[in-house]
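K.L.:
Each chain, written out:
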Amino acid sequence: MTALFEGYVGTSLAYDEVVGPAGVRDAYSGLLRRFARMDLDDVRSRAEYLKSTYTDQGVTFDIGGEERPFPLDIIPRVILAGEWAELEVGVAQRVQAIEAFLADVYGEGRVFRDKVIPRKVVVTSPHYHREMAHLTPPNGVRCHVAGIDLVRDENGQFRVLEDNVRVPSGVSYVMTNRRVMFQALPEVANRYRISPVEGYPLQLLAALRAAAPSGISDPVVVVLTPGVYNSAYFEHALLARMMGVELVEGRDLVCHNGRVSIRTTQGLRPVHVIYRRVDDGFLDPAQFQADSLLGCAGLLTAMRAGNVAIANAVGNGVADDKLVYTYMPDLIRYYLGEEPKLSSVDSWRLEEPAHREEVMDRLDELVLKPVDGSGGKGIVIGPKACRRELDDLRAKISHDPRGWIAQPVVQLSTVPTMIDGKAKPRHVDLRPFAVNKGGGNVYVLPGGLTRVALSEGELIVNSSQGGGSKDTWVLAGAKAVPKPIKVSVGIPESVPMVELGDEKIQQQQAQQQQQQRSVAHGYCHSRVDRPHHLEVPPASLLEPPAPRVADAEVRPC
Amino acid sequence: MLSRIAESLFWIGRYLERAEDTCRIVEVHLQLLLEDPLVNQEESATTLLSVMGSPVVETPDTAEVLRALCYDGASPSSIAAALGGAREAGRRARETISIEMWEAINTTWNSVKGGRLQRMRPASAFKHVRERCAVISGTADQTMSHDEGWHFLTLGRSVERIDMTARMISTAAVTAGTSAWANVLRGCGAHHAFIRTYGGVTTDRDAAEFLLLDRLFPRSVVYTLHAAEVALNELDQHVRRVGFDDEAQRLLGTTRSELEYCPVDQILENLPKRMVGLQRICAQVSEAVTSRYFTGAEAASWQEGN
Numbered sequence: 001m002t003a004l005f006e007g008y009v010g011t012s013l014a015y016d017e018v019v020g021p022a023g024v025r026d027a028y029s030g031l032l033r034r035f036a037r038m039d040l041d042d043v044r045s046r047a048e049y050l051k052s053t054y055t056d057q058g059v060t061f062d063i064g065g066e067e068r069p070f071p072l073d074i075i076p077r078v079i080l081a082g083e084w085a086e087l088e089v090g091v092a093q094r095v096q097a098i099e100a101f102l103a104d105v106y107g108e109g110r111v112f113r114d115k116v117i118p119r120k121v122v123v124t125s126p127h128y129h130r131e132m133a134h135l136t137p138p139n140g141v142r143c144h145v146a147g148i149d150l151v152r153d154e155n156g157q158f159r160v161l162e163d164n165v166r167v168p169s170g171v172s173y174v175m176t177n178r179r180v181m182f183q184a185l186p187e188v189a190n191r192y193r194i195s196p197v198e199g200y201p202l203q204l205l206a207a208l209r210a211a212a213p214s215g216i217s218d219p220v221v222v223v224l225t226p227g228v229y230n231s232a233y234f235e236h237a238l239l240a241r242m243m244g245v246e247l248v249e250g251r252d253l254v255c256h257n258g259r260v261s262i263r264t265t266q267g268l269r270p271v272h273v274i275y276r277r278v279d280d281g282f283l284d285p286a287q288f289q290a291d292s293l294l295g296c297a298g299l300l301t302a303m304r305a306g307n308v309a310i311a312n313a314v315g316n317g318v319a320d321d322k323l324v325y326t327y328m329p330d331l332i333r334y335y336l337g338e339e340p341k342l343s344s345v346d347s348w349r350l351e352e353p354a355h356r357e358e359v360m361d362r363l364d365e366l367v368l369k370p371v372d373g374s375g376g377k378g379i380v381i382g383p384k385a386c387r388r389e390l391d392d393l394r395a396k397i398s399h400d401p402r403g404w405i406a407q408p409v410v411q412l413s414t415v416p417t418m419i420d421g422k423a424k425p426r427h428v429d430l431r432p433f434a435v436n437k438g439g440g441n442v443y444v445l446p447g448g449l450t451r452v453a454l455s456e457g458e459l460i461v462n463s464s465q466g467g468g469s470k471d472t473w474v475l476a477g478a479k480a481v482p483k484p485i486k487v488s489v490g491i492p493e494s495v496p497m498v499e500l501g502d503e504k505i506q507q508q509q510a511q512q513q514q515q516q517r518s519v520a521h522g523y524c525h526s527r528v529d530r531p532h533h534l535e536v537p538p539a540s541l542l543e544p545p546a547p548r549v550a551d552a553e554v555r556p557c
Numbered sequence: 001m002l003s004r005i006a007e008s009l010f011w012i013g014r015y016l017e018r019a020e021d022t023c024r025i026v027e028v029h030l031q032l033l034l035e036d037p038l039v040n041q042e043e044s045a046t047t048l049l050s051v052m053g054s055p056v057v058e059t060p061d062t063a064e065v066l067r068a069l070c071y072d073g074a075s076p077s078s079i080a081a082a083l084g085g086a087r088e089a090g091r092r093a094r095e096t097i098s099i100e101m102w103e104a105i106n107t108t109w110n111s112v113k114g115g116r117l118q119r120m121r122p123a124s125a126f127k128h129v130r131e132r133c134a135v136i137s138g139t140a141d142q143t144m145s146h147d148e149g150w151h152f153l154t155l156g157r158s159v160e161r162i163d164m165t166a167r168m169i170s171t172a173a174v175t176a177g178t179s180a181w182a183n184v185l186r187g188c189g190a191h192h193a194f195i196r197t198y199g200g201v202t203t204d205r206d207a208a209e210f211l212l213l214d215r216l217f218p219r220s221v222v223y224t225l226h227a228a229e230v231a232l233n234e235l236d237q238h239v240r241r242v243g244f245d246d247e248a249q250r251l252l253g254t255t256r257s258e259l260e261y262c263p264v265d266q267i268l269e270n271l272p273k274r275m276v277g278l279q280r281i282c283a284q285v286s287e288a289v290t291s292r293y294f295t296g297a298e299a300a301s302w303q304e305g306n
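Protein chains in written order, with my numbering: chain U, 1 to 557; chain A, 1 to 306.
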C-alpha cells in the first residue's frame with residue numbers, strides 16, 4: 001500500500017468499506033492501486049487543489065455566518081453497480097410510499113381507518129398542515145425532490161436513517177464535487193465508468209415542469225430562496241443557473257387575484273411553478289408566520305386556486321417526522337403491497353409507555369433524536385453524553401414524549417479519509433436524491449452526497465456540524481455498458497492555420513523554448529505541407545519573408 | 001501607422017485568441033473523455049488533432065494531445081507557440097502598444113515558457129491561460145487608444161475567433177456523445193449565457209444556433225463577424241458611396257449575411273462542411289488584409305531578404 005494508506009485498518013466496531021476481514025474489498029482495489037502510483041506530496045497537492053478551487057469558485061457552506069469552502073476529501077467513495085441497483089430501487093420504493101402516504105393523510109385517511117398508524121401520530125406532528133387537506137397537486141406529486149439518508153450498519157447492510165421530503169439540500173455539492181474531483185484525479189477517474197451526475201438539473205426541471213397547473217404548456221419555473229444568508233444559498237443559485245430559471249426572493253414575488261407573478265424590468269411576469277427552498281412556516285405570511293419576510297402573502301391562495309404549483313408541497317414534513325419514520329416499513333407494505341427493500345433502523349416510540357419505560361433506563365446506551373430535527377440538531381448520543389446531559393434529556397422526554405424517538409447506536413460504516421496527510425477511517429452516510437416526475441417515474445441520482453464526520457469516532461456527519469464530503473462514484477456495471485460505440489463519424493476536415501510567417505520570430509522562439517535544432521522552415525512548413533483542399537499558399541509565401549537576422553536586430557523593438 | 005506594426009498588432013490579436021481558444025478546445029476535449037468513458041480516446045484525439053490542423057501521429061493519446069496542442073513550443077498549434085508568437089509580435093510593436101499591455105503579454109509568456117505550463121495541473125494551466133488572455137485583452141482595451149492599431153488588434157482577434165469557434169463546432173458536430181454540445185458551449189464560455197437565454201430544456205440545434213447566430217453573445221460567429229467588419233470599416237476611412245472595394249470586407253459581409261439570412265435548418269444540415277468553409281473564409285480574409293495593409297513591409301524587406 002502507498003504511504004497514504006500505510007497501516008490503514010478500519011475500526012473495530014464499524015464496517016469498513018475498503019478493508020474487510022479478507023483484505024481490500026473488490027470495489028476499491030483498483031482505486032488503491034492508482035493512489036499507490038502517487039507519492040504523498042502529490043496527493044497532498046491535489047487535496048490542496050480541491051480546497052483552493054472551492055474557495056475560488058465560492059463553493060461554500062455557511063456556518064454561523066462564515067462562508068467556508070465545503071470540505072471535500074480527496075479519496076472518493078466507490079459503490080459497485082450491483083449495490084447501487086438495489087439502493088436505487090429501494091429509494092424509489094420509499095418515495096412512492098411516502099407519496100401515497102401524503103396523498104392519504106391529506107385525503108381520505110384510509111390508513112387511519114385501517115389502523116396502520118394512529119391518526120394522533122400524524123395530526124400532532126408540528127409539520128401537519130390542515131390547510132392542505134383535500135388539495136391534490138396538479139400531477140399528484142408532493143415530493144418532487146426527496147433526500148433519503150442511508151447508513152451502512154456493522155454488517156455492511158444499507159439502512160434508511162431518515163427521510164427528507166421538505167427541502168433536502170446538498171445536491172449541488174454532488175455536482176461540484178464530481179467536477180473538481182475529475183480535475184484533481186483525471187488519470188484515476190478516467191479508468192472507471194462512473195455514472196454521471198450532470199443530468200440532475202434537467203431531471204429536476206422536467207419534474208417541476210410536469211408539476212405545472214393544467215393548461216399551461218410552457219410553464220415558468222422559479223427557484224425561491226430565503227436569500228444570500230441562507231446556508232444553502234450556493235445550491236439555490238447553482239440549481240437556478242443550471243435549469244436556466246430565475247432565482248427569486250420573496251420580495252420579487254407578487255400575488256394578486258390568486259395568481260403569482262415576478263417583478264421584472266418588463267413588468268409583471270406570471271409564474272407557474274415555484275421550487276421553494278423556504279420552509280413551510282415562512283412561505284406565506286397570510287397563512288403561517290405573519291412576520292415572515294421570506295415568502296409572499298397569498299401564495300397558498302394562488303396554489304389553492306390551481307394557478308401555481310409549489311414544490312415540494314406544503315405539509316410534507318409530516319412524512320419525514322421521525323415518529324412517522326418508525327411506521328414506514330408498515331406503510332410501504334400497506335400502500336405498495338411489497339416488502340421494504342431497504343431496512344430501517346430499529347426505533348423506540350417514546351410516546352408509548354412500554355417503550356418509554358424501556359428506554360428511560362438505558363439512555364446512556366442509545367441515540368435519542370428529536371422527531372422534527374434536521375441537520376443533526378438536538379441529537380443526543382447516549383454513550384458520549386455526560387450525566388447532566390442525560391438528566392436534561394430525561395426531563396425533556398418526560399415533558400414531551402411525542403417529540404422524541406430512541407435508536408440503538410448504529411456504528412456508521414467507515415471510509416478512509418485524508419486527515420493530516422494520512423488515510424484514517426471516518427464514519428460516513430449517504431444521501432441519494434430522488435426526483436419524482438409523476439406517473440411512477442422516479443429518478444434517483446446515481447450516488448448522492450456522501451457526508452463524512454471529520455473528527456475521530458464522530459457519528460454525526462451533518463455539514464452544519466462540521467462534516468465534510470466525498471465524491472461518490474457509482475461504477476457502471478460491465479453488463480450495463482454496451483460495446484464501445486463509435487464516437488466519430490469520420491475525421492473532420494479542417495483548414496490549416498496560418499501563422500505570422502516571420503521566420504525570425506519562430507527562430508527566436510525555438511531557441512528560447514527548447515534550444516532545439518529545429519529551424520523555422522521545419523515546422524513552419526510541416527503545417528502547410530499537409531494535404532488540404534484549399535489552396536492556401538505556404539505561410540512563407542503568404543507572409544513577408546524574413547529580414548536578415550542582422551538587419552532585424554537593429555530594428556527598434 | 002507602419003504596416004509592420006499594424007501587422008504585429010493584427011497577429012498579437014490572432015495569437016492571443018488562438019492561445020485562449022486552443023486552451024478552451026483542449027479543456028472541452030479532456031472533459032468529454034472524463035465524463036464519458038465510452039469515448040474512444042484514440043479516435044477522439046485523432047479527431048481533435050485533425051480539426052486543429054495538427055499533424056496526426058499514429059495512435060495519438062491524451063499525452064500527445066497535450067504535447068501537440070499545449071506544451072510543445074515547436075508544435076505550431078500549441079498554446080505555448082501561440083503565446084510565444086504573441087510575445088514576439090508584441091516585441092516588434094513595443095513602442096506602439098501600451099506599457100501595461102506589453103507587461104501583461106510578457107508576464108504571460110514568462111509564466112508559461114520553458115515547460116512551466118506543463119508543470120501546472122492541466123485544469124489550473126487552462127484556467128491560467130484563459131485568465132492571462134483576458135487580462136491582456138482587458139488591458140489593451142483600457143490602456144490603448146482605440147485608434148488604427150487597436151482596430152488591427154480587434155480585427156486579428158475576431159478573425160481568429162471565427163476560425164477557432166468553427167473548429168470547436170466541428171468537434172461537436174462529429175462527436176456522438178450526448179454532452180458534446182454542452183461541453184462546446186462550456187468551452188466557448190457560453191453555457192451560462194445559453195441556459196439563461198434558452199432555459200434548461202434545449203436541443204443540440206439550439207446550441208448550434210446560439211453559437212453561430214446569436215447577435216448578443218460576443219463569441220458567437222455572427223457577432224464576431226460583425227466585430228471584424230466594424231474594425232475593417234473603421235480602418236477604411238474614406239467615404240463610400242457604393243459597395244465595398246475591400247476584399248476582406250466583402251468576404252466578411254457576404255459570409256455574415258449568408259449565415260444570418262439562411263434558414264436555420266439549412267445551416268445545420270451540413271454543419272461540418274460549413275465550418276470548414278468558415279475556416280477557409282478566415283484564411284482568405286487574413287490574406288486580403290495582409291495584401292492590402294501589410295504588403296508594404298513585405299516589399300521593403302524583400303529586397304534585403306535571403
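There could be a bad hint or two in this list.
What the hints assert, rightly or not - Listed next, with one range per pair, are the computed distances between beta-carbon atoms:
{"no.": "1", "chain 1": "U", "residue 1": "Ser-45", "chain 2": "A", "residue 2": "Glu-258", "range": "47 to 55 Å"}
{"no.": "2", "chain 1": "U", "residue 1": "Gly-440", "chain 2": "A", "residue 2": "Val-135", "range": "48 to 56 Å"}
{"no.": "3", "chain 1": "A", "residue 1": "Gln-41", "chain 2": "U", "residue 2": "Glu-83", "range": "41 to 49 Å"}
{"no.": "4", "chain 1": "U", "residue 1": "Arg-191", "chain 2": "A", "residue 2": "Leu-268", "range": "55 to 63 Å"}
{"no.": "5", "chain 1": "A", "residue 1": "Arg-196", "chain 2": "U", "residue 2": "Arg-130", "range": "37 to 45 Å"}
{"no.": "6", "chain 1": "A", "residue 1": "Thr-107", "chain 2": "U", "residue 2": "Asp-41", "range": "22 to 30 Å"}
Stated by the list, open to error - Within a straight-line C-alpha distance of at most 35 Å, the following computed DSBU-like cross-link-like pairs (lysine-lysine) qualify:
{"no.": "7", "chain 1": "U", "residue 1": "Lys-422", "chain 2": "A", "residue 2": "Lys-273"}
{"no.": "8", "chain 1": "A", "residue 1": "Lys-113", "chain 2": "U", "residue 2": "Lys-51"}
{"no.": "9", "chain 1": "A", "residue 1": "Lys-113", "chain 2": "U", "residue 2": "Lys-424"}
Simulated from the structure, these hints should not be mistaken for laboratory data.
Ideal Cβ positions, reconstructed from N, Cα and C, are used throughout, including at glycine.
K.L.:
Each hint needs a verdict: does it hold in this structure or not?
P.N.:
How the hints compare with the structure:
no.	hint	verdict
1	U:Ser-45 - A:Glu-258: 47 to 55 Å	50 Å, holds
2	U:Gly-440 - A:Val-135: 48 to 56 Å	53 Å, holds
3	A:Gln-41 - U:Glu-83: 41 to 49 Å	28 Å, violated
4	U:Arg-191 - A:Leu-268: 55 to 63 Å	36 Å, violated
5	A:Arg-196 - U:Arg-130: 37 to 45 Å	40 Å, holds
6	A:Thr-107 - U:Asp-41: 22 to 30 Å	28 Å, holds
7	U:Lys-422 - A:Lys-273	54 Å, violated
8	A:Lys-113 - U:Lys-51	27 Å, holds
9	A:Lys-113 - U:Lys-424	40 Å, violated
The structure shown violates the earlier hints numbered 3, 4, 7, 9.
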